[in-house]
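These protein sequences, in sequence, are chains S and E. Residue 1196 in the numbering used here sits at position 78 of the first sequence; the count goes up by one each step and never skips. Residue 27 in the numbering used here sits at position 17 of the second sequence; the count goes up by one each step and never skips.
Since the hints were derived computationally from the structure, they do not count as laboratory data. Note that the coordinates shown come from a computational prediction; the quantities given were computed from them, not determined experimentally. Heads up, some of the hints might be wrong.
Partner residues aside, some chain E positions facing chain S, computed with beta carbon under 8 angstroms [claimed, not checked]:
1. L33
2. L36
3. R150
Beta carbons: idealized from backbone N, C-alpha and C, even for Gly.
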Amino acid sequence: MQPAAGPPGEEFDRLYETTYHRLFRTLAAMLGDFAAAEDCVQDAFLKAFRAWPSWRRDVPAEAWLHRIAINTAISYRRKQALREVGRLVLRLGPPVGDDPADQALRGDLMRELRRLPGRQAAALVLRHLHGYTNREIAAALGEPESTVATRLMTAKRTLRARLAVPAAPISDTSALRRVPPVE
Amino acid sequence: MSTDSDGGRGLDELLESELRRRLGGLDGPSPGVGGAAYRTVTTARGKKMPILSSLATAASSKAAVGLATAALVVGGGSVAAAAATNSTNPAVWGRTVTAAVASCKSKLGDGQHGIGQCVSAAARKKGEEERAAHAASEAREDAGTPTPRTGGSASHPTPPAHPGGRPTGVPVGPPATLPPAAGGGGHPSPPVVPPTPHNP
């Protein structure tokens, strides 16, 4: 096992500069909210700064940072869900309309991605946006590779089911005409 | 939104294209390193901490300085000592405050008086060091790294065991006299009925 890092200094500053945007994109996809993503990323770097002496160098720094950031985002989602329940209970109604700046985060796929459990969404984003391997995702989530593989498979199955195009109505026979006659 | 007949590859391509299209160019509103939140954390060079616990706020107020000074004069003052040292263990107050008094007295020049502010500052510094150690421990737990439970080291001191019960010097029960009730429209206070003595 590699020795722990010394006190944070310029190395941490460089890490911030090189990884900030990737962490932000991950959390923006998970949370669907730029402001929340920014808050969580800053919070994650603060936690990482304090925990820096305990970081073992056998885990890639960006994966380690992602782990902290993803945990922070999952906590945020949990609290947000409780807040939404509270609003409904108090009959305050649905939240005010989305920030137009969050336009990029709309769309069917992004919406369904946010509906997934936090770690499934994170695994998909790490794989398909950042190109992480299963091993790197495992390091980022703090889980075995086999668990990562299961999460990816479950997440994709859910997305396929939710994003599938509905069956054509009976009155539309255009698809039937394309079927060649049986000889 | 459709998926290809082979399902898997189609969804993978859809995920990659959509995520990259929507997020690939996002840079976020990040300030530079100088504006990052972690930059305000205390370093060994003594920069300010952004986290102001109620104890730190109380310790930095003039009232807390006065309390700490008065506590030293009286020789007790567990509440002020607890606030200044962030510990309810009287053994900790004794060591911290005793050491601070000795140190501050030695710095007094001829004809100089008053060690209250000096002692309060020393006790506050000790409290901040303890809080930083606890905060680092909590941050390690968030990062998924278990907090070491073996005996303390120089950089991670093991906190002293907390005694049970109330610290000495803190009054127990309600005050002897209650302030008068507010004017006419309020509810009258019920008469105080002494407890019936219990005869076995």
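How the hints compare with the structure:
1. L33: Hint holds; L33(E) Cβ to chain S Cβ min 4 angstroms, cut 8 angstroms.
2. L36: 5 angstroms, holds
3. R150: Holds, because the Cβ-Cβ distance from R150(E) to chain S comes to roughly 5 angstroms (cut-off 8 angstroms).
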